[in-house]
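2 protein chains.
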Amino acid sequence: MRRREFLAGLAAFGAVPELPEFGGIARRHPPQVNGDRLNRHLAELSAFGKSPGGTNRVAYSEADLVGRKYAAELMRAAGLDPRIDAIGNIVGRREGREPSLPSILIGSHIDSVTNGGNYDGDVGSMGAIEIAQTLAESMVMLRHSLEVVIFQNEEGGTVGSKLMVQPPTDSDLDRVMRSGISVRDGIGRIGGSLAGLAAARRKAGDFLCYLELHIEQGGILDRTGVNIGIVEGIVGLRWFEVTFTGFANHAGTTPMNQRKDAMLAAAKFTVAVNQAVRSVPGRQVATVGRLTVSPGTVNIVPGEVTLTVDLRDLKAETLVRFTKRFEALGKQIAAETGTTFAMRATSTNEPAPTDPRLRRRIAQSAESLGLTTLLMPSGAGHDAQEIARIAPIGMIFVPSVGGVSHSPNELTRPGDITNGANVLLQTVLMLDRSGL
Amino acid sequence: MRRREFLAGLAAFGAVPELPEFGGIARRHPPQVNGDRLNRHLAELSAFGKSPGGTNRVAYSEADLVGRKYAAELMRAAGLDPRIDAIGNIVGRREGREPSLPSILIGSHIDSVTNGGNYDGDVGSMGAIEIAQTLAESMVMLRHSLEVVIFQNEEGGTVGSKLMVQPPTDSDLDRVMRSGISVRDGIGRIGGSLAGLAAARRKAGDFLCYLELHIEQGGILDRTGVNIGIVEGIVGLRWFEVTFTGFANHAGTTPMNQRKDAMLAAAKFTVAVNQAVRSVPGRQVATVGRLTVSPGTVNIVPGEVTLTVDLRDLKAETLVRFTKRFEALGKQIAAETGTTFAMRATSTNEPAPTDPRLRRRIAQSAESLGLTTLLMPSGAGHDAQEIARIAPIGMIFVPSVGGVSHSPNELTRPGDITNGANVLLQTVLMLDRSGL
Chain R
1 MRRREFLAGL AAFGAVPELP EFGGIARRHP PQVNGDRLNR HLAELSAFGK
51 SPGGTNRVAY SEADLVGRKY AAELMRAAGL DPRIDAIGNI VGRREGREPS
101 LPSILIGSHI DSVTNGGNYD GDVGSMGAIE IAQTLAESMV MLRHSLEVVI
151 FQNEEGGTVG SKLMVQPPTD SDLDRVMRSG ISVRDGIGRI GGSLAGLAAA
201 RRKAGDFLCY LELHIEQGGI LDRTGVNIGI VEGIVGLRWF EVTFTGFANH
251 AGTTPMNQRK DAMLAAAKFT VAVNQAVRSV PGRQVATVGR LTVSPGTVNI
301 VPGEVTLTVD LRDLKAETLV RFTKRFEALG KQIAAETGTT FAMRATSTNE
351 PAPTDPRLRR RIAQSAESLG LTTLLMPSGA GHDAQEIARI APIGMIFVPS
401 VGGVSHSPNE LTRPGDITNG ANVLLQTVLM LDRSGL
Chain W
1 MRRREFLAGL AAFGAVPELP EFGGIARRHP PQVNGDRLNR HLAELSAFGK
51 SPGGTNRVAY SEADLVGRKY AAELMRAAGL DPRIDAIGNI VGRREGREPS
101 LPSILIGSHI DSVTNGGNYD GDVGSMGAIE IAQTLAESMV MLRHSLEVVI
151 FQNEEGGTVG SKLMVQPPTD SDLDRVMRSG ISVRDGIGRI GGSLAGLAAA
201 RRKAGDFLCY LELHIEQGGI LDRTGVNIGI VEGIVGLRWF EVTFTGFANH
251 AGTTPMNQRK DAMLAAAKFT VAVNQAVRSV PGRQVATVGR LTVSPGTVNI
301 VPGEVTLTVD LRDLKAETLV RFTKRFEALG KQIAAETGTT FAMRATSTNE
351 PAPTDPRLRR RIAQSAESLG LTTLLMPSGA GHDAQEIARI APIGMIFVPS
401 VGGVSHSPNE LTRPGDITNG ANVLLQTVLM LDRSGL
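Heads up: the sequence lines are chains R and W, in that order. Note that the working numbering has the first sequence beginning at 1, numbered continuously upward. Note that the working numbering has the second sequence beginning at 1, numbered continuously upward.
One thing to keep in mind: the hints can contain errors.
Just so you have them, the derived chain W footprint on chain R, three or more residues with Cβ under 8 Å [claimed, not checked]: (1) 240 to 252; (2) 300 to 312; (3) 378 to 384.
One-sided excerpt, in silico: chain W residues whose CB lies under 8 Å from chain R [as the list claims (entries may be wrong)]: (4) 251; (5) 288; (6) 299.
Here are the computed distance ranges between Cβ atoms for each label pair [claimed, not checked]: (7) W:344 x R:336: 26 to 36 Å; (8) R:294 x W:374: 25 to 35 Å; (9) W:346 x R:175: 39 to 49 Å; (10) R:37 x W:295: 33 to 43 Å; (11) R:51 x W:174: 28 to 38 Å.
If you are wondering where the hints come from, they were derived from the structure by calculation, not from laboratory data. From a predicted model like this one, the values you see are computed outputs, not experimental measurements. Ideal Cβ placement from N, Cα and C applies to all residues, glycine included.
Turn these sequences into a full structure, and let the hints steer you where they fit.
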């Protein structure tokens, strides 16, 4: 085995030609991704689902199907021999030298939101394939098998990654996506099989780790000029639906002190939620994103208002504390305004911390490439949060220009994408050599 | 002429049989309406447009057409010889003894809002017809001619009364009502004629006054147990559309201090508007009745919010003052929240004070009937506000149970309706005898 390792070591560090950017000095250096090719693949992928309003490659749509076909072809070209598992995830594998070792999983998703952009998910997906292709071209044989995954339907609720670690409920399968197709029907449409779901699940020990390259979707890296974000963890999330019920009445004939104005109550609550999360140090965020007024007529005092609250933080106890705070504020405002208050949770995700050992490896990799790094939470959800239940996870962020995401204006610069892919590649090589 | 007046005086006070409620004591007293008949007519009218959700007799609908036919028949039975003027108003006339005098105009409307009740407009319309019928049965001949009017389309913006005093603009005529029919088409549908609008208009001097009996649509009379509201004036109204524009962004990845949250700005503005109108003495009211959020998604910081403000007061200067105050508040909140603020007026009605002499006559009439009165503003708009431009106006309010209006739960008790009609009748008799 030693001789084989020695040869592999040579392959890893000797098979890449000297690159001009190293000043022509003859030295051995690790392989690097082909940034031009990676960015070209991203541009090619962006054609699927392109529309005047943005990229529409929502899960199970025609655009999703052709985008997946394109990704599978790239995987084949990278020697990954892709297959579609029963869940509908596209999984490619590059065998390692030591079959007894768990595999290293890398990847992301290529489905988009409605009127989205070309970077969210795409960068990590094309980046993971590029790493496999670079390894193949560099003739690097890893000790661990490398698995590249394109998870199905991330934007509809991390469906592909969730199904990889747990069985679905009936209501999970019945959920209808923006394409108008349910998860149940979508799985068949993309080449999966409901009957095989259980067999397709993976378990603790299957993976050494899961690494995901992703755009930040926030503006911190862009604003601070840092190259690479090392994700501390994916924030936990609570979604609430809040209803204030008052009494609809004539806007002209009802004196101010006789009103039970649900809109006033909802407005006070919206302001109070904002003040509450900003009143203590921390990176917790809360958002009132949707609000509907009934009857919603210019000359009627609103009788009922329903609104949503999106609360996120890295710490579970922060979520619990603010949930209680919002309930107390709602009750107090209802009492002040003569309305009633009801609040129910509509969605819950627990925080998913990344593995500190993986954070360290990512930092070392970035440093070896001369890139600056920043430790930061991920405010958005990712497939990594699901895989965290069966494997250590790590995430590498690259800058989003202006922090814009889920928009046709989403942009990450080609050089930043190449940097991120190189950090992912070096991290994989380092983990393969030295473990976690 | 003296002899004729003397005979008329006899007719006015002597033609009514002694009523049992006067204890059988033989005394002369003024005529009183037939309350049972009046309330029966209201019940019969309520059949037109009845639906499970409430009364739907919106202007120009089938239900409106049959309701108008019913009202015209009642007018014929009351000896009013009704005609439909070019505007589409139903106008009946009872000739007076002195043709040179201006006529006394009484009436209201019978069109309803969507899912409305059976009292708003109906009480004043059936009440006015009842007065004509009582006069006919009592063989009372007034000095002034009495005109009874059922204005077309009050709920769509006091259309019939407005056209009685001013020419329409093209956009007035193009407005499409809840029936799906424009004012332009509606006029033809109900028997009017666009070509005759100018000739149908009335001018200053045509009417001694306009008197309208109406339900309060607020809860003040019901709460205080007072029989009759004497309307001080119809409040002026300003409708505004306010837009806060921020920047839509990811609810998870955008730190609280980096947001340009249009929803937060709108909520602060809603609270500030409420506080502003309550911070000074007065009966001014302001309502945020409609609010729409864009994109309106649970996990996106809202980029734009549009809301309406309905501002009303009896005094024009109060409306001006609060308009300025709202603008200042909006600008201040926009600066605080990193958003932009725009506010535009979408509708304007100037306050329409009632004539103090008419208020006094109404008060005297109520007192003569042993009824309690309260001077109060009308927070709702009425046809009277339009007629105010060419004649002194007076309004008589009767209690709305619970202050509920524009709802199937609208209710005014039969005894209160009869009281109101009797006050209207006595006021007409007094004005006819003694002038304003």
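**Message:** Quick check on residue 251 of chain W please, does its C-beta sit within 8 Å of some C-beta on chain R?
**Reply:** 4 Å, holds
**Request:** Evaluate the given range 39 to 49 Å for the C-beta pair formed by residue 346 of chain W and residue 175 of chain R.
**Result:** 40 Å, holds
**Message:** Tell me whether the statement that chain W covers the stretch 300 to 312 of chain R is true, taking a Cβ distance below 8 Å and needing three residues at minimum.
**Reply:** It holds, with 6 qualifying residues against the three required.
**Prompt:** Is the distance from the Cβ of residue 344 of chain W to the Cβ of residue 336 of chain R consistent with 26 to 36 Å?
**Reply:** Cβ of residue 344 of chain W to Cβ of residue 336 of chain R: about 31 Å, so the range 26 to 36 Å holds.
**Asked** Do three or more residues of the stretch 378 to 384 of chain R come closer than 8 Å to chain W, measuring C-beta to C-beta?
**Response** holds (count 4)
**Asked** Does the Cβ pair residue 37 of chain R, residue 295 of chain W satisfy 33 to 43 Å?
**Response** 35 Å, holds
**Request:** Can you let me know if the beta-carbon spacing of residue 51 of chain R and residue 174 of chain W is within 28 to 38 Å?
**Result:** The hinted range 28 to 38 Å holds for residue 51 of chain R and residue 174 of chain W, with Cβ atoms some 35 Å apart.
**Asked** Is the distance from the Cβ of residue 294 of chain R to the Cβ of residue 374 of chain W consistent with 25 to 35 Å?
**Response** About 32 Å separates the Cβ atoms of residue 294 of chain R and residue 374 of chain W, which means 25 to 35 Å holds.
**Prompt:** Would the stated hint for residue 288 of chain W survive a check requiring a Cβ distance to chain R of less than 8 Å?
**Reply:** Residue 288 of chain W check passes; min Cβ-Cβ to chain R is 5 Å, inside 8 Å.
**Request:** Please count how many residues of the stretch 240 to 252 of chain R have a CB within 8 Å of a CB from chain W and say whether that reaches 3.
**Result:** holds (count 5)
**Message:** So, as I understand it, the hint says residue 299 of chain W touches chain R; can you test that by seeing if any CB pair is closer than 8 Å?
**Reply:** At about 5 Å, which falls below the 8 Å cut-off, the nearest Cβ of chain R leaves the hint on residue 299 of chain W intact, so it holds.
Every hint, counting from the list given before, is met by this structure.
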